[in-house]
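Protein chains: 6
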Amino acid sequence: MSGVVVQNIARADLATIDGLAHCGVATVHEAQGRIGLMAPYLRPIYAGSRIAGSAVTISAPPGDNWMVHVAIEQLQAGDILVIAPTSPCEDGYFGDLLATSAAARGCRGLIINAGVRDVRDLTEMGFPVWSKCISAQGTIKASLGSVNVPVVCAGAAVHPGDVVVADDDGVCIVPRPHAADVLAKAQAREANETTKRARLAAGELGLDLYKMREKLAEMGLKYG
Amino acid sequence: MSGVVVQNIARADLATIDGLAHCGVATVHEAQGRIGLMAPYLRPIYAGSRIAGSAVTISAPPGDNWMVHVAIEQLQAGDILVIAPTSPCEDGYFGDLLATSAAARGCRGLIINAGVRDVRDLTEMGFPVWSKCISAQGTIKASLGSVNVPVVCAGAAVHPGDVVVADDDGVCIVPRPHAADVLAKAQAREANETTKRARLAAGELGLDLYKMREKLAEMGLKYG
Amino acid sequence: MSGVVVQNIARADLATIDGLAHCGVATVHEAQGRIGLMAPYLRPIYAGSRIAGSAVTISAPPGDNWMVHVAIEQLQAGDILVIAPTSPCEDGYFGDLLATSAAARGCRGLIINAGVRDVRDLTEMGFPVWSKCISAQGTIKASLGSVNVPVVCAGAAVHPGDVVVADDDGVCIVPRPHAADVLAKAQAREANETTKRARLAAGELGLDLYKMREKLAEMGLKYG
Amino acid sequence: MSGVVVQNIARADLATIDGLAHCGVATVHEAQGRIGLMAPYLRPIYAGSRIAGSAVTISAPPGDNWMVHVAIEQLQAGDILVIAPTSPCEDGYFGDLLATSAAARGCRGLIINAGVRDVRDLTEMGFPVWSKCISAQGTIKASLGSVNVPVVCAGAAVHPGDVVVADDDGVCIVPRPHAADVLAKAQAREANETTKRARLAAGELGLDLYKMREKLAEMGLKYG
Amino acid sequence: MSGVVVQNIARADLATIDGLAHCGVATVHEAQGRIGLMAPYLRPIYAGSRIAGSAVTISAPPGDNWMVHVAIEQLQAGDILVIAPTSPCEDGYFGDLLATSAAARGCRGLIINAGVRDVRDLTEMGFPVWSKCISAQGTIKASLGSVNVPVVCAGAAVHPGDVVVADDDGVCIVPRPHAADVLAKAQAREANETTKRARLAAGELGLDLYKMREKLAEMGLKYG
Amino acid sequence: MSGVVVQNIARADLATIDGLAHCGVATVHEAQGRIGLMAPYLRPIYAGSRIAGSAVTISAPPGDNWMVHVAIEQLQAGDILVIAPTSPCEDGYFGDLLATSAAARGCRGLIINAGVRDVRDLTEMGFPVWSKCISAQGTIKASLGSVNVPVVCAGAAVHPGDVVVADDDGVCIVPRPHAADVLAKAQAREANETTKRARLAAGELGLDLYKMREKLAEMGLKYG
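Protein chains in written order, with numbering that gives the first Met the number 0: chain P, 0 to 223; chain B, 0 to 223; chain E, 0 to 223; chain H, 0 to 223; chain X, 0 to 223; chain Y, 0 to 223.
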């Protein structure tokens with residue numbers, strides 16, 4: 000099943016994608032029913048990025064980054080590369096040259112369940128990466144993988160064209176068909192939270208704001 | 000034994016607490032005989048904080064943060080929340096709304112043997128957290144736990160009202176009854192270190208400063 | 000075999016060492032045939048350092064930093080301490096006093112397959128450390144180890160006087176006899192990469208730049 | 000998306016399933032192109048089992064095994080339970096009472112990306128389990144999950160009715176539509192291996208059997 | 000606070016202890032409200048043991064087993080050694096000579112948050128051990144620790160004289176004052192489970208046995 | 000530096016090797032001064048083996064087992080294969096066909112800092128393996144590595160022809176030039192331990208046997 004490059008994938012519209020980026024991972028994840036989160040061992044190489052984009056997926060052999068070159072040709076502005084090795088790997092698949100090439104095509108960042116290198120350069124370029132580790136260990140170009148096939152990356156199922164949302168809290172996948180609906184729910188949550196934040200900041204307790212006291216008493220909570 | 004909220008706990012005086020914060024974790028840990036350190040996998044969400052406060056403890060079910068709301072009502076200015084799940088968990092129990100509420104009551108920070116989220120907001124607020132991981136995964140409000148009971152958090156035993164000291168080196172617990180004594184010892188260490196630092200900076204060797212040469216020779220150290 | 004301090008070790012010349020630092024870990028590692036990299040769990044305590052130096056090695060018992068004092072006397076300007084505990088350990092062997100003493104002798108940094116502490120002070124001093132973890136847990140001075148003997152540190156074999164290169168991508172060991180040759184190869188790689196970077200930035204694809212299309216087709220890659 | 004129980008799922012026929020069990024995980028995984036393997040941290044609670052069955056999947060909240068009771072009603076003879084918590088969890092979701100109930104319905108075993116308990120009883124019953132860990136920590140029955148929905152379990156995507164193959168080498172998922180084809184390929188591999196095994200046992204070298212010498216020389220392998 | 004040996008500790012009576020061993024870890028842990036479980040990374044060196052005994056605790060420096068000799072003198076028949084290093088350690092503190100000595104005093108086994116060695120000999124002797132790892136790495140006898148002081152071992156608080164229950168499911172600590180009460184509750188659970196096991200084995204569903212259907216419907220579970 | 004096969008390596012004599020096997024890992028490791036132990040995460044695939052042999056080393060790319068075929072030709076009776084991937088890998092490099100081939104040449108077992116598969120077959124054949132994990136994930140044959148070059152495997156430096164000793168306690172490397180000397184020391188330890196074991200079994204305390212009481216008192220140990 001490897002050795003395939005799917006060239007035409009559907010993408011969500013950029014307004015929806017950008018709206019999801021603005022909401023952030025925690026809100027989006029809640030809004031879509033707490034699914035689609037990648038494992039928390041994926042960490043950003045620098046703090047402060049908040050991006051969303053369409054997934055261009057790569058299923059790659061361990062220690063072999065040949066398919067990344069293939070995938071870059073498939074990138075459109077607003078895309079995010081998602082690399083899932085076929086077995087556990089910590090090698091540095093991606094560095095400043097690939098980032099330069101991807102950025103030239105409008106790629107917004109990289110999610111990789113393996114390692115990345117040249118992180119100082121990537122940081123200076125402002126090319127954000129969420130990775131399993133940082134490793135200078137290079138890779139080879141000997142075996143085929145596939146581009147734009149469904150993958151499992153860091154515990155989350157990703158289809159090409161799904162919306163990837165990533166920030167300091169992690170990485171969440173929104174299936175493309177649900178993107179608009181999830182955005183609407185995420186924005187509703189945000190509006191709701193603004194009010195609550197103000198009341199909590201003013202000293203009101205969550206116990207009162209969320210009317211929890213009665214339920215807690217009923218459950219048997221005892222104050223001593 | 001869960002479902003209990005202890006409302007009146009003894010706390011150390013704030014001058015002692017603030018003194019311990021000033022000394023920092025490494026010095027305090029040495030001063031009290033190298034006990035009370037939490038496991039080093041607890042890491043701050045941002046660098047540079049150095050705090051101390053009285054522990055308000057939470058024993059919480061995995062993936063359930065209901066008791067955090069209960070605990071916030073118990074907070075006084077100068078307190079630090081300490082959350083210990085009853086089984087290993089990486090969910091994000093705590094985010095910017097809870098931080099807003101806790102900060103409104105004078106809480107100085109959070110220690111949690113689980114995950115935290117909204118870390119960009121928490122960083123902007125200056126609300127420091129030491130956690131096992133960062134995760135956008137939310138929690139539910141379905142089961143009781145307890146507030147202000149003794150817990151084991153990241154390998155350290157914590158009683159409510161113990162002094163929590165936390166900085167970039169980690170988190171250390173000073174039992175409340177020993178706080179003043181430990182502060183005195185920590186300050187003595189600091190004074191002592193200032194002199195040593197100057198001598199070492201001037202090029203004097205630790206071998207001479209600490210008079211180690213004779214003992215090393217006696218133990219059989221050979222120079223070749 | 001412990002209890003030995005080797006005093007006279009050969010070192011590479013500083014121009015070579017400084018050249019390797021300038022190339023950085025990823026380039027040096029590639030240039031010497033992808034060997035000598037330490038495990039990626041070693042991380043810098045702060046981002047942005049890029050150093051190289053001659054290894055002064057320490058084989059130390061777990062939880063015992065006595066030999067660090069012994070090793071500091073052996074330091075020359077341009078050296079880097081490499082500490083390898085004889086069994087897995089996370090204790091904080093090294094803090095600001097030792098760093099002050101090492102820096103006074105011209106030491107450029109520390110590589111340690113264990114813990115470090117006082118990281119805020121070390122950061123302020125600009126003394127870079129790559130470590131397995133950060134831990135306030137102190138160590139004792141009870142048992143001998145050895146200085147300037149061959150060690151295995153975080154998966155890499157290190158001989159005293161080997162060149163240590165370290166930056167945000169990790170730590171790589173260049174055997175001293177190969178240092179000049181590796182530097183030449185690393186500089187050739189750098190020159191080569193500058194051209195490629197410009198072409199990739201201009202939008203040329205790696206598929207074309209590296210002439211990969213024919214080989215991929217031959218291997219059976221299918222576009223759909 | 001939780002709170003759903005899908006009752007009618009398609010299953011592969013038992014002859015195909017049993018054929019896959021006989022081939023074993025390593026052969027089946029090769030035969031289907033090296034995809035579908037769960038992470039190797041899943042280990043059997045006792046050695047020597049080799050099973051296959053139709054996946055009845057459970058998406059469960061962390062620390063909550065209520066849906067296991069719901070799923071057991073959906074079990075048919077020849078099925079295997081596959082439990083994927085929605086966030087990382089090590090609690091013991093499953094013990095001897097649930098195994099008794101599942102076995103009474105013909106369930107062949109359990110795959111769980113979390114903990115299991117009563118392992119001595121399960122071993123005596125001959126009820127095989129592949130789990131992330133063994134833990135006596137119990138779970139609650141407070142929140143809904145879903146049964147027979149697609150899940151990601153230990154890094155592998157699983158659809159209800161897919162064939163689960165498990166033995167001492169791990170756990171592999173064969174998508175139901177491919178099961179017969181994969182079986183044919185796996186059996187072909189087995190036949191092929193029998194001959195090779197005999198030749199290798201007789202002392203013939205793989206270098207000759209697989210005609211590798213020429214290719215290795217061409218690649219530049221040097222004997223010294 | 001180290002360097003102390005407490006000689007007179009209270010112990011639970013042996014009938015209670017033996018009753019708890021018979022119930023096993025999972026049942027005892029449930030009976031006392033799901034507290035006191037050690038982390039599941041502690042594993043038995045061989046399967047099939049089920050023991051209980053009074054904790055004789057050891058707080059030991061990393062890589063130093065001197066206090067084990069001191070603790071052995073404090074052992075009485077029916078005791079279990081509990082070793083908690085003061086910082087993370089994987090060395091093999093304990094082997095066949097110490098086991099021979101401990102067994103000669105009636106010790107029933109060892110719980111250690113570190114390594115053990117000579118496991119083939121220990122298995123042949125039938126001396127059960129629950130440990131973090133198996134390691135041939137020896138330890139030294141250079142520093143004091145303490146015997147029969149409160150410790151935290153693998154995440155559980157242990158006081159000397161507490162009842163340790165250990166089997167293939169892990170290790171649970173029952174505070175001595177609660178031992179008789181916990182035993183009564185554990186035995187009640189066991190009686191209750193016997194009936195349920197028979198009904199489940201006969202094919203009755205947990206959904207009916209525990210009357211879950213109505214609650215699930217009320218929560219919104221949907222069958223499709 | 001890869002792509003080399005060293006054909007003539009020196010080996011220790013078989014009587015020495017077999018003597019070391021008889022002493023076992025813990026004793027040999029002590030006898031040679033506590034060096035040369037591999038990390039404890041390497042575990043045997045079945046309990047009860049105790050072997051020693053001459054190391055035939057393999058430096059292999061991640062996920063590529065081509066060099067194993069090359070190495071098998073270099074095997075002599077009494078050898079042990081030692082496989083060290085050049086970057087972290089969990090794939091199953093070795094299974095029953097390779098074991099059949101290696102056993103046909105008198106190979107005594109395998110040490111691998113990666114995965115192994117077909118473990119049920121290997122267990123039935125009595126071919127012992129110490130590995131990082133068990134994984135059905137196969138490997139490719141695309142890149143060269145080297146045979147009989149120095150490697151670092153699981154934290155230990157191994158030269159071809161060094162003596163590998165492995166049992167349930169782990170794996171230890173004895174440098175070939177020291178093998179006879181280490182054997183003599185190991186046998187002396189064994190003789191010494193036989194007497195001690197008898198005295199401890201008879202109830203004599205280590206405190207008396209090793210005359211520790213005076214030193215402990217001098218160090219300040221207090222009995223309370």
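Treat the hints with caution; some may be incorrect.
To be verified - Which chain Y residues face chain X? A few, computed with CB under 7 Å, are given here: (1) Leu-199; (2) Gly-205; (3) Lys-221.
If you are wondering where the hints come from, they were derived from the structure by calculation, not from laboratory data. Don't be surprised by glycine CBs; every beta carbon is placed ideally from N, CA and C.
Verification of the hints:
{"no.": "1", "hint": "Leu-199", "in the structure": "holds (4 Å)"}
{"no.": "2", "hint": "Gly-205", "in the structure": "holds (4 Å)"}
{"no.": "3", "hint": "Lys-221", "in the structure": "holds (5 Å)"}
When the structure is compared with the earlier hints, no violation turns up for any of them.
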